[in-house]
Each structure stands twice: as structure tokens, then as C-alpha cells.
Amino acid sequence: MAELITYNVDADGVATLTIDLKDRPMNVITPEFIEQLDAMVEKVAADASVKGAIITSGKSSFMAGADLKGIEDLFKGTDAETLLKGSMAFNNILRRMETCGKPFVAAITGTALGGGLEICLACHYRVASDAEGSSLGLPEVLVGLLPGGGGTQRLPRLIGVKAALPLMLQGTHVKPAKALELGIVHKVTPSDQLLAEAKRWLMESPDAVQPWDKKGYKVPGGAGQFDPRFVETFMIGTALMHKETWHNYPAPAAIMSSVYEGIQVPIETGLKIEGRYFVSLLLNPVARNMIRTVFVNKGAADKLARRPKGYDKTKVKRLGILGAGMMGSGIAYVSAMAGIEVVLLDRETKYSEKGKSYSQTILEKRVSQGRMKQEKAEAILALIKPTTDYADLAGCDLVIEAVFEDREIKADVTKKTEAVINETAVFASNTSTLPITGLAEASARPDQFIGLHFFSPVDKMPLVEIIRGRKTSDAALARAMDFVQQIKKTPIVVNDSRGFYTSRFCGAYINEGITMVAEGVIPALIENGARMAGMPVGPLALLDEVSIDLSFHIREQTKKDLVDAYTPASGDAVIDLFYAKLDRIGKKAGKGFYEYPPDGKKYLWPGIKEHFPIAENQPGVEEVKRRLLYAQSLDAARCLEEGVLTDPADGDVGAMLGLGFPPYTGGPLSLIDTVGVAKFVRQCDEMAEKYGPRFAPPKLLREMAERGESFYK
Amino acid sequence: MTDAYIYDHVRTPRGRGRKNGSLHEVTPIRLLTQTLEALRDRNDLDTSYVDDVVMGCVTPVGEQGADIARIAVLTANYAQTVAGKQLNRFCASGLEAVNTAAAQVMSGLSDLVVAGGVECMSRVPMGSDGGSWAMDPQVAYQTYFAPQGIGADLIATKYGFSREDVDRYAAESQRRAANAWESGYFSRSVIPVKDQLGLTLLERDEHMRPGTTVEDLAQLQPSFVMAGEQAGFDSVAIQKYPEVERINHVHTAGNSSGIVDGAAAVLVGSKEVGEKLGLRPRAKIVSFASIGSEPTIMLTGPAPASEKALGKVGMTTEDIDLFELNEAFASVVLRYMQIFDIPHDQINVNGGAIAMGHPLGATGAMVLGTLVDELERRNLNTGLVTLCVGVGMGTATIIEIV
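Heads up: the sequence lines are chains A and B, in that order. Using the numbering used here, read the first sequence as starting at 1 and increasing by one per residue. Using the numbering used here, read the second sequence as starting at 1001 and increasing by one per residue.
Read the hints as simulated data drawn from the structure, not as lab findings. Be aware that a few hints might be false.
[Stated by the list, open to error] With a cut-off of at most 30 Å between alpha-carbon atoms, the simulated DSSO-like pairs for lysine-lysine come out as follows:
| no. | chain 1 | residue 1 | chain 2 | residue 2 |
| --- | --- | --- | --- | --- |
| 1 | A | 609 | A | 587 |
| 2 | A | 69 | A | 22 |
| 3 | A | 601 | B | 1085 |
| 4 | A | 385 | A | 488 |
| 5 | A | 609 | B | 1158 |
| 6 | A | 601 | B | 1194 |
| 7 | B | 1240 | A | 609 |
| 8 | A | 243 | B | 1312 |
| 9 | A | 591 | B | 1240 |
| 10 | B | 1019 | A | 591 |
| 11 | A | 602 | B | 1158 |
| 12 | A | 690 | B | 1085 |
| 13 | A | 602 | B | 1240 |
| 14 | A | 187 | A | 214 |
| 15 | A | 690 | B | 1158 |
Everything numeric in this text was worked out from a predicted model, so none of it was measured.
Bound conformation, chain B alone:
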């Protein structure tokens, strides 16, 4: 089997996913185009060597629809021979794209693949692609559909995380993200987003609230009380988890991932193609896995996904130097740390989506990139990146610095 390597990665800064966000005026195709251009230009890449562009996008409708990956190939002026495909593994789409690219390389059927993702949440709202899970009564009834915030609150209730626990975690995410930006840890991979005139629109993640304290966070109203109590979703969750008397709604806008716009791209290829093109590999993709987990609690997939990816190569969490687990909700990370007994200083060391935001389709590629950069910076060896995924799934990837 051919080994798959990560040669480079870039990402846009994350713009607030609202009408007042700096990237709101930028179309998703333009955002993705600039990302592909940056990856090509900084590597002086002859794109005719690229076999495929695989892009995650969770709401592939409207201007994100119709295979945005292939269209971006054209608008970024990649060689016309480069194929493109869009995929959807919900929140892990960006990582799944990298895993898919790696699989193509490992199989020997592709040499060089660009993988990543894009999501302009301010322009194509989350959930606007519909789907039978939430709206088709037969499906929702049979599978106990509940929104993910209910699942996050259920995790907190079931595994004993208080409002203070999740707020403390969130405040630390903000502190770490601010520190990472101050210290320039992201500077190698974040590319500024430009307007039509070439002027910079955004060069820094703008969702962050540096200086946020646990006391500040305590002021926020829980986000899922209405959905839980009035719309009936607590009852749905409790019928799946009848050992729980009532759900403690601890998650707020402050300890959940932010809604943002952004895109990312990772260059994945074989050793041979790198040698031919004069590229230096930065990390090897050691293993990856996706799994299904119980869908109502929805967000407990990272642990079994990690175990599967580790098990495939005979590793354990002991062998991992740094972890990145997408901060969809604070309780998701706290539960993961609880299961594997991972100290906080080994996971999400530069903050995460609570501080910087979670552009659904792109996040997986972004956190992978963060992990590569940080392992290199700390001179460490192995890293594991994982995300919880909608409808009860988890995706994990293990990398090794070379």
C-alpha cells in the first residue's frame, strides 16, 4: 500500500457567520477559489498533477450546491483535467475529504489530491438542505431525532458536567485561541481573504472573544431550553435515555461552537509525486476511521472513532502526543477527556471552535492543519484529530510528523 502524506495546508480566517460578518459578502465559491489558489501558489504547484479535488460541504444547496469542488477547480484555474467532488459527513466533512484523498493515494489510483472544505454559514444557513431525519415524521419518530444541542446537554447531564464545568472549558478555549493568535501559531497557514480589488477583507478569526471569563459566560441563557421543554425534544431524548430524570441545559452560545464562514485545503499525495514536484512532506497519514454511534445523543462518536483508527494500527491513546477534538460543544470534549483520561494540556491546545467558530464543511481540514502546525512547533510526533458528527457518527485521523 502506498503511504499518503500531507504536503501543505491553508485555511481562510473564520468570519462571523452573520450579516455583519466580514466574509458575508464573499460567495462560497470565491472563498474556496482563493483557498485553492493559495495552496497552488505557495507550493508552486503544477496542477496538472492533481488527480482530484475533494471538498466537504454540509449544506450543498444554492450557491454551495452542484458540486462546488469541481466548479472551484475551474474558477481557481486549475488544470481542466482535475476532477472535483463534494462530500458530506456533516461536521467531519473536511476531515473526511482528507481521509478520502488519502485513501485514493493509498490505493495507488491517485497520486496527488487536494482535500478540504467550505461553508459560508452566513449565506447558506445550516439546515437549509432539509433532509428526512428531522422533518419526515416516520423517520424522526422511528429514530428519535433531537437537535444536537439536546444531545450535548444530555451528555453533560448523563456524565456529570455542570454549567460551571462547561463554562470553564469554554473560557480556557478563548484564552488558548487568543494566545495562539498572539504568538503567531496560526500565521503559517491562515491566508487573508481578498476582495475583487485585491484588498484584504479579513486576516484573523473574528468570532473570538479574548478575555472571556467564566463569570461572563455564566450570564448567558442556555440555548436549548425552548427546544427541549416547549418543542418536546427533552422528552424524545429521555425516552431514549430513561435513566435520566431531566436534562440539565448547560450549553449556551458561549460554550458551543460559533457559526462562521470559512474554507480550507490540504495537499495530500504519495512520496513519489512529492519527490517529482520537489515538495517536502510534513506529516504522514497513519490511520483513519469513521463510525456510527447512537444518534439521539448524537455527539459521542469521537471516542469509538478514535479507538477504531488507533486499533487498526495497533496504537492506543497513550501513543498520541496531541489531540484535536472539534469543540462542537464543551461537553463533547469533556466527555472524551473523561473516557480516555486525557489531561487538558494535551487536547485542543490552541483553542477550538468555541473561540474561533465551526464552518461545518471546512472545520475537519482546519483542525487537522492546526495539529500539523502544532506538532511541528512543539517538535512532537503523533497527533489524533477527531470530530463528532451529525446523526450519530464520528471520524478520526492519526498523523505522524515526518
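Pulled out of the complex, with its shape left as it was, chain A reads as follows:
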């Protein structure tokens, strides 16, 4: 077995345990590591010549926590008792470390997260390096878990319940200086003095007893069912948890309870309580779904898992952007941030200049907030060259058009651009709905024509949907993917189709919402149902944002393109009414499904019920949630069947990052797996009967159900 922890004892009897998982960029907790840590702790405890021990890392970061890929294995049919034993085994080592009578110091070389920080918390003294970029935290909640290595017990005992809870509930990382202020570490030093400080403390014959093991220990800030501060923290904390999780995420409640119940008893009992809640999360599909999509599959997408093989890695040095509107300006900003020279072209100078000023505004804000140096901001801004002259596009390796969604205008700019750029350059369209193959007809080199669908606001939205036209070459795809990676976005790759994946997927959600309006479902029930399903925005609010005139025009374009092949959607009549008759086109007009009072919060337009009277029989909220989520899952499944998607991971990562599809589900396809394909098909058949053929499950799902298959192993 590879040596993951080296053991050295110096002349003064100080043992140094250096963690270094050589084949990994970051130290992580693996079963082998746990085994070796156990042996090392026992060695320190048993060796009479050892006075105390320093635990440190051989890397610039300390430790990143559990190996999530390893945790994925735990989801595969392990029983509660075995899982609990496994979780307690690690805790027993840490407990042994803090009670064996020898002092342990954590010399935290850099970032220490999750289980990494939990090891430190079980040490008697913690000294952290002030190295730039290092942070400490317990981020387990972000993947649906809790700090199961004693974190929920030691952190509140160390810094108090009120300070500890938000760190664990939000998974906040803190810088070393902040960790010092909070009392998470005892000292912060420059990296090169870390070990000296650790040794200094050990040489002063320190007390090898944790505060919570000392007689008369009291939790800082108070604790216990008769302490009003403690009671208030949990009372309000739980209400806010309702507000934030909409009852979809079990981890925050498990963290709260682990602290609430665990802190009222001795730490050994508390660790058992934590273990039980930790295992309950391992057994809940939410953690499995989140780890799969948020961590593993997103990570694979970031590493360009779908990139065609055999093409050399490329870098865009000079990028052309056509159209300096919202999208063009945003793409310019993120590209300049990645050090790419940007030519930002629009019809008139005032437009292209305005596009550049978008970046200027964001950069100035960053500087004023102290998040960026003035010189750096200036250098980034200098990379953006606004222009009206196509000749300036010469030398671009990639050009992205973000002009008006009109075939003729797009064809025109394509031709003008191709006239000046290199023959090897890739031309990309940022269209959100128009099929790429059709747009490529205007190109003299359709093999180098591709779709790069960004999301608004570009600087915040992490996803880029890459659309492969029928003629797009592997080489162009590889280059487009390299670019997405270069600007630190996550790519998914889809094949050409109307609305690609994300836009039609989003359309399915909105359509189901407005169909319910037409059926007389109480609008608040639709919107709240959507939020309760975990969607970030209700379908009616989303349609107001997207704007109803845009939806109308996209649909008219589709009708025109498809002629007889167009199948009317169940919500078409609602769009017609709001656009043509009521002239309530959405937020930008101050009226849509919502009213937008200038000095208050938006509220649902009371007039809706005059056009769609409230039905006597209202669906339960679970039914509303199911309709909204299943409409989307079905569409994702159809995209797979039709070959728009080539891999379920793209469907899940894309829906989550691009449209805020709820992470607890793991994405629309993971949702089907969680429900069970057979059950999902059965429910969809019932819904098709009740609500219409849009719920009829595609053949792909029926076959999967018959064969007992799922999207993920």
C-alpha cells in the first residue's frame, strides 16, 4: 500500500505526520488514508519517546475532505448498520487522537475543508498558514451531506452554536484570518513559520485535553433547552430553513438536529447522534443525486469529457463578437477576464462602446469592493476593442455572433465576417432557438459553424450549451469546447434541433404552468408549487421575465418553419390572450401574469381569474409539483431519444446549471431514476390520460422500464 502519511520523530520527541496522497492534486480522505491515520495515531500514543505530534500536509493545501467519488460507492446498496459502523470508525480515530494523552497540533498548510478541517478540529492546537487563497470550511451541505467527522459536534463546542450553524448550513468557506477571529484556529502564521509555531506550542508542555473534555466546560454563547438564546437560534433557524430548502434538502435539517441534540449530551454521545444523521443522509437519494450531478458529472463536463479525441488542445487568443447587446457584452466581459483579446463589433460606435462599458461597470465595482486591483481591471478592459469595422475581425480564431434572432440578419453578418477571418477560424452563433444547421447554410464553411448558447447574465451563469450542426466538424467542436473551458464555463454538447435542449426544456416548464392557468388552477398555487418543487422561479414569473411577446414571436417563427408539422402546445391560447388581447407582455412592460408596482413587490395580477375562472376542484400541491417537474423530465428524455442529447449527464448538468433545475433531484433524468423508471412511466400514462398527450412517455422510457434499466448505474 502506498504511504499516504509519513512519520518522522525529531530529537525533541516531536512526531510529524505529513499527509501526502501523491497521485492526487489534493489530499482527500479515502479508506486507505483512514487506515493509515489510525495506525499513526496509535504509534504516537504508544511511543513513550514521543511527546506530541504535528499533523500537516505535504501539499500547499491541507486537505479537501472526503473523496466524493469514493462516497458514491457507499450509495450502492449498503445497509444502515454497516454505514454507521464505517462512519464511527473514522470518528473513533479522531476521538482517540484527542483523548490519548499526547498533544496533537494541526499545522494547516492551506485549504482545509470537510473531513480535512474535522481532523484539525480534533487536534488540541491549530495553526494555519496565511497563504493566499487558502480557506477553511465544512461544505458538506452543498452535496447533501453533513460534516460527519465530528464537525457538527466540535465546531459548535469550540465557537458556539450561533457562529457554527451558518458555517455548516451554508457550507461557507472562511479565510485563515477570519477563522482566527471566529476561534476556529489558534494562530495564523506565514507558511514558512507554520511548523516552528506548531513545535513551539508542543515544547511548552501543553495540556492534551480538549476544552469540551475539561470539567466545568460550557458551550460558548450558551446551549441547552433552557437557554433562551439557544432556543431562539433553533426556532428561527428552522423557520429560515423551511424558507430556504422548501423541504427538498434533508441535510440542513440533519445538521441542525445533530447540533441541537448532540450538544445537550457528552461529546461521545453527540458523535453517535451525528453519525446517525450522517447515515440518514447517505441513505437519502438527495445526496447521491447532488454528488452525481453537482460534483462528479459537472466536474467531468469541466474537464471536457465529451471532447472529440485526437485534436490538439487550442486556445483562443483573439475573439470576435458580433452584436454588443446584453449577450455580446457579457461574452466580451467573461472572455476578457480569461485574458482573451476581444473585438466587439456593432453597427454604430455608440452601441459597441456601450457594450464595452458593461465590462467597465462590473470591473469598477470589483475594484471598489476591493476584489480586484485597479491595474488589473484596466488591463482587462484594455483587451476589449469596440469597433464597427468588420476588417478588425481579421486574426480572430473564433467569432461569436449575438445579433438579433432573425435569419436574414444572421446570414448577413456571417457572410461579412467570413470575408475577413482566417479560413481556420470557427464561427459560432449564440442563437437560443434557431437550428444551427439552417443558420450554417449562410456559411461558406459549415463544418466550422457551431452553436455557442450562453445564458443571461453571462457573467453569472456557468453553462454554455454547445450545439453541433449537421455539418459541424469534430475539430470545430473540440475548439469550441476548449474555448468554453478557457472562459471557465461548463459546456454541454447537444445535437441540432429546434430550441436545442435547454430552450425547449424551459418551454416545457412554462407551458405546463400556463396550461394550469387555463385549467383554472389558482395562480398562487402554481407559483408556490413550482418553488416547492425546487424551481428558482415560478413558471408565470419566468414567462414574465422572458416576456410574452418573445414567446409569441418564437412560436410564430416555429409555425412558419414547420408549417403542417407544427403541433399546437397546450398553453398556446394563454400566450395569445396575454399578447394579442390583453397586451400584458411581461415584466418589461410592467404587466404580465404579475403586476409590478413601481414602489413594491410584484404580485399576481388579480384579473387572471376573470379570464380563467378558478376551478372548483383544485389539485393538491404535490400534483402541481409533479406536473411541472415531469413535463421537464419527459422533455429531457425525449431529447435523449431524439439524439439531441447524447448522454444523460449533459441533460442533468445542463438543466441544473442553465435553468436552475433543482439540484436535489440531480437533474431531470436523475429525477426519473429516483422515482424509478417503471413508476415514472406509469404515472406519466395516468397524467397523459388526465392532462393530455404531452405526458405520454416516450418509447425510450417504456423500453427502459421493461428492461428494468435506469439512466445511471
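With chain A's structure known, arrange chain B on it following the hints.
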């Protein structure tokens, strides 16, 4: 089955439940002791005939803890043989105590029971007994705990009561309470609270604000905006009631029950024991019931509790001459009137807790007493008393004048 009768009832005036309240210096045991003494003395009662003293108390900790009923038996110098027990049905505790006493009599296992309640809210703050519902994250999360003010505002929102509706109701409660005091309607049952020297500390409910107008009430800030919007409880309630877009916070200190100190006691017994002791029964306890209802909205229990109590004896609300529904919040009463189509002049005719206050453990016995007095005064026959109860419950009792 033996019939249970109400022979008499007394209550203390209700003192403001704050440090400047006239009863703040009086311990709960002293308040309850004086109540028991008054009931005994005015009936010339041989307390050795009393089987049990059942007292409601909602915050039975500290000086209200450790079975305050039994301790009051001793301090009031009742016969040592009298047992005592404290119970908690939250806001209906005082009525539940009477119902429990009635049940003991009806079963034939007790002959004579004193029932009532006590709450010194100025000394033992509401909620100071903790409880898992609000603070244990597993419990609060699973059951959608929200404070009752949120429930009251949710009732107003869901059933269409505006701020003006609830304020109008509250102003009328004040007018009725003032009128009842002016007219001496309470004089038969309210006993003055005395100090150690025998001097009177309080003889009248001091929470009332006679002359309060709807306009005055409109000036008050809603009480539950913070809890609802900042602390997240609106979201909790809406997740239970997703058909509601947002909660309209209409309740204020002016249209909700007041925090006060007070105690009450009711003498309940069989016909035979009354004859033996020369007591005249005033009312018969016809039926009673407690039910559970949805806990997040919390305060909708009175209607189903009333229906259950009525149904047990084949009655409907049509058979009831007067109703008393504790004015926990104005919307609770408005909703009850809406459900049963009860005119305002048949319910809470002498005002209620919005004007006079709601000493949690005692209120049920107090409103029962008010109803007995008023039915007698008006020469009417049947009355129904009910209260909304914490964690989603309701308790109701039907009486008949004899």
C-alpha cells in the same frame, strides 16, 4: 350516567401582564388560593366533600410548576383529603379542567370537583416552559411550526378579513366589555384580589381601553411582520397553504388578546351532592369535546370542536342562544361566525379577551362563567363556549341553564 352541574364560579379581575400590572406582585399560588377561598366561603362549602381540584395552567414551570392545584388546596386550607391536579390544554386549559371535572362527576367516581385555572403571565412568561414543537428542529420542520399570530393572519388572508374588519371587531369588543362592566354584569363573579394586609389590589379588569375606535386601532403596527417576513414563518405557512400568495398581516396588539394575570374557579358536582350541601345548581353541562385540527394555521379548532360537542347530543348551532368564543385574535371569531353564520349579537356579547385579556390557563373557566351569568341575566337557555387551542386543537362545552 350522572349529570354534572355548575353550582358557582368566581374569577379574579385580570391584571395587566406586565411589570406595571396591579397583580404583578401577587404570586400565582396566592392568586389561586384567594380564588379557591372565595368559592368556598361564598358557598359555605364543607371542602371535605370536594374530591379533586383540577386547574389549568399553560406554563407550569417555576412558581407555577409542581402541580399548583394541589399546593393551592393546602394554602387555601381546603381539607387535606382533597386531591389536586394541573392540566394543560393550552388556551382551553380552564375549560378543559371544567370538562374533566364534569367527566369525573358523570362517571360517578367523583361527586364534587373544583375546576378552573391560573396564569400569571407577568411573572411566568408565556413559552418559558419550552417544548419540542418550536425548538426541536426535527419536530418544527416536520410539523411546519409557526407562531399563532401567523396562523391568525393566515386565517384573515385565506378567509378574506381585512385589517378594517378585524379592527372593527376589536373596537366592538372594547365597547361591549366596557358596557358590561358599567352595567355590573360581571359583579356577581369577579372577586377583588387582596394583599397580605387584606387591602384591595385590584377589583376590575385593567387591560381594557374603553372608547377605543377603529381609527385608533388603525394606527397600530401589525405584530407579526417580523416573524413572518424576517424570521421565515410566512414561508413556513405558505408551504402548508400554497394557494395563498402572501400573508396579509392584520393583527396588532389592539385586535389580539391581551397578556394578563388572573385565576378562576368553577364548582362542579352531581345533583345529589348539591342537595346534600344545600347548593342550588345554576347550569347543566350538556356536552363537551376536544379535537385536533391543522397545526400551522393552528386556530381553526373551535368550529370542529363545536360540531363534535353538538353532534354528541343531537344539537346544531341553531339550538344555541349565546356563544362565547375566546377572542385570541379577531380573525378567529370572524371565521367562526362566517362558518356557522352566527350574527355578532349572539357571540361574545360582553366583549372578550381582546378587551379584557387572556390569562392562558384560566380563560376557559372565565368565559364559561361569563356565559352562565349572561344566560341567566337574559333569561336564555343554552350556551356554547369554545376556544382555539395551541398546536391545532379546539375545545367546546355546551351548557343549559337550570
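Now the hints, each set against the structure:
Taking the CA atoms of residue 609/A and residue 587/A, the gap is near 19 Å; set against the 30 Å cutoff, the hint holds. The suggested pairing of residue 69/A with residue 22/A holds, with an alpha-carbon distance near 17 Å, which does not exceed 30 Å. Between residue 601/A and residue 1085/B the CA atoms are separated by roughly 52 Å; this puts the pair beyond 30 Å, and the hint is violated. A distance of roughly 21 Å separates the Cα atoms of residue 385/A and residue 488/A; the hinted pair therefore holds under the 30 Å criterion.
The suggested pairing of residue 609/A with residue 1158/B holds, with an alpha-carbon distance near 16 Å, which does not exceed 30 Å. Proposed proximity of residue 601/A and residue 1194/B is contradicted: the alpha carbons are some 55 Å apart, above 30 Å. Using a Cα cut-off of 30 Å, the hinted pair residue 1240/B and residue 609/A holds, with the two alpha carbons roughly 22 Å apart. Taking the CA atoms of residue 243/A and residue 1312/B, the gap is near 42 Å; set against the 30 Å cutoff, the hint is violated.
Restraint check for residue 591/A and residue 1240/B: the C-alpha separation of about 28 Å stays at or below 30 Å, so the hint holds. Taking the CA atoms of residue 1019/B and residue 591/A, the gap is about 52 Å. The hint is violated against a cut of 30 Å. Proposed proximity of residue 602/A and residue 1158/B is supported: the alpha carbons are some 19 Å apart, at most 30 Å. For the proposed pair residue 690/A and residue 1085/B, the alpha carbon gap of about 57 Å is over 30 Å, so the pair is violated.
Proximity of residue 602/A to residue 1240/B is assessed by CA-CA distance (about 22 Å); at most 30 Å being required, the pair is judged to hold. For the given pair, residue 187/A sits about 22 Å from residue 214/A by alpha-carbon distance, which is consistent with the 30 Å threshold. For the hint pairing residue 690/A with residue 1158/B, the CA-to-CA distance comes to about 29 Å; that is within 30 Å, so the pair holds.
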